[in-house]
Each structure stands twice: as structure tokens, then as C-alpha cells.
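Participant: Sequence:
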Amino acid sequence: MSPTSQSAKCAVCNQTTSYWCSRCQQSWYCSVEHLQRDWPHHKKSCKPAGNHEFAVNHTPDQAAPVVAIYFPTNEEKPFLITVDCVSPRDPSAGPCPNPLVQSWFSSGRCGTLTLTQGLNQEPLRFPLQVWYDSEALSRGTPVNRSVYRITSGQARRAWSGPVVVLKFSGSRRQGYTDATLNDLPALSAYFLGYN
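Residue 17 is where the sequence shown starts when you use this note's numbering, and the numbers rise one by one after that.
Do not rely on the hints blindly, as some may be mistaken.
Computed spacing ranges between beta-carbons, pair by pair [stated by the list, open to error]: (1) Lys60 / Gln118: 36 to 46 Å; (2) Thr98 / Ser168: 22 to 32 Å; (3) Cys62 / Arg155: 43 to 53 Å; (4) Asn136 / Ser168: 30 to 40 Å; (5) Ser47 / Glu151: 19 to 29 Å; (6) Ser123 / Asp100: 40 to 50 Å; (7) Leu129 / Thr98: 13 to 23 Å; (8) Ala79 / Gly186: 48 to 58 Å; (9) Gly209 / Leu96: 19 to 29 Å; (10) Lys59 / Pro201: 35 to 45 Å; (11) Ser168 / Val48: 17 to 27 Å; (12) Gln190 / Ser123: 41 to 51 Å; (13) Glu91 / Leu116: 19 to 29 Å; (14) Leu135 / Thr32: 12 to 22 Å.
What the hints contain is simulated information worked out from the structure, not anything from laboratory work. Glycine residues also receive a C-beta, built at the ideal position from the N, C-alpha and C atoms.
My request is simple: use the sequences and hints to build the entire structure.
Facilitator: Dropping the structure here:
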């Protein structure tokens, strides 16, 4: 479930809530328990909310856009960007497409981490892939203001340089789907706890 700035009625008890199914973003619930109780009915209509999904059936060199979250170094808020993904040329590399994120990093060098757990250590149905400048801190790049802001300056690790976050289309991590700003609570918890 993801919090939103909107509110609606819980599909189970009709209580006012600001949480919705983070997959389809169409059904509202006041608690995880109510989402789980309604799941046998809800799963029939629950479809990912993203407009784009890059799956394994794209041919090599065919780029497909997906929406990612960008944390710029010198701005207060993250925002959504489009990242092209291309299928791997070598089938032995696996089915997951390659996101073309290097242009968002001035050094051209970036590291990646995969976030598989959200708030309260709950498994994420759609893991998040965090791309970051792996040498920014050693080069003296300023602390990332947008990461600093969403963590209220309480992160254990200083995040420097830009950060790009993509969203896998499932737990098998074989493709990407659109990330949304509803993924920010899980990212904030991750930034706060990462050493």
C-alpha cells in the first residue's frame, strides 16, 4: 500500500483512508489486513498502473521508455524522468533490459543497488533499482539535496551526486515498469537506513 495526498473510502470497511493498492492505484484500503482480505476479489482487476512496461520480448537495439525517479544533486525535490531501456545483445546476459542511465551521471560511472524490502521490512512486489554516482563522495561532490530533504537530513550515509531509481515489473526482475512518486516512502526508508 502506498500513501497519497488524496483520500477515499476503504474497499472493505468504507473508512476514509489515504492508502491505495500500490500496484494498480485504483483500490483504496485503510490497512494491509483489509487489502489482504479483499485480494481474492481485487486481484481479478488489479493491473499495474504504469503506462509503460519493458518486458523481455523486445528485440536487441529496440529502446523502450520507462518512467524513473530522479534525485538531482542541487534541487530540493525528486521528479519523474524517462529512461530508455534496451534488450541485452548477448542472450547469456539474462533477459533483463539495460537501462541507459549513464547520461544522468556527469562522471559516466554509476553503481547500482536493488531495494527488495519496503517500510517495516515488508517485501516489495516491485523491487526498486537505485543507480548512483559511485565516486561522487570521494570527488567531493555536494550532498544530494533532494535525498537530504526527503530524509530530513537523518540518513546514516551521505548521498552525493545524482540518484536515478527504476522499478522492476516483478520480483523476478526481468523487466521494468513505470516508477511513480508513490515509491518515495520506501525509498526514504531505504536512504535513512542504508550504511
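Participant: Each hint: holds or not?
Facilitator: We went through each hint and held it up to the structure:
Checked against the hint of 36 to 46 Å, the C-beta distance between Lys60 and Gln118 comes to roughly 41 Å, which is consistent with it. Between Thr98 and Ser168 the CB atoms are about 29 Å apart, so this pair conforms to the stated range of 22 to 32 Å. For Cys62 and Arg155, the hinted distance range of 43 to 53 Å is satisfied, since their beta carbons lie about 44 Å from each other. Taken as a hint, the range 30 to 40 Å is violated for the pair Asn136 and Ser168, whose Cβ atoms sit roughly 19 Å apart.
Taking 19 to 29 Å as the suggested C-beta distance range, the pair Ser47 and Glu151 does not conform, at roughly 43 Å. Range check, Ser123 to Asp100: Cβ separation about 20 Å, and the 40 to 50 Å hint is violated. Restraint check, Leu129 to Thr98: a C-beta distance of roughly 22 Å satisfies the suggested window 13 to 23 Å. Look at Ala79 against Gly186: about 21 Å separates their beta carbons, and that is not inside 48 to 58 Å.
Between Gly209 and Leu96 the beta carbon distance is about 24 Å. The supplied range of 19 to 29 Å therefore holds. For the pair Lys59 and Pro201, the beta carbons lie near 23 Å from each other, so the given range of 35 to 45 Å is not met. Hint check: Ser168 to Val48, Cβ distance near 25 Å, so the stated range 17 to 27 Å holds. Between Gln190 and Ser123 the beta carbons are some 29 Å apart, a value that contradicts the proposed interval 41 to 51 Å.
A C-beta distance of roughly 22 Å is found between Glu91 and Leu116, which places it inside the suggested range of 19 to 29 Å. Between Leu135 and Thr32 the Cβ separation comes to about 21 Å, which falls inside the hinted range of 12 to 22 Å.
When the structure is compared with the earlier hints, violations turn up for hints 4, 5, 6, 8, 10, 12 and for no others.
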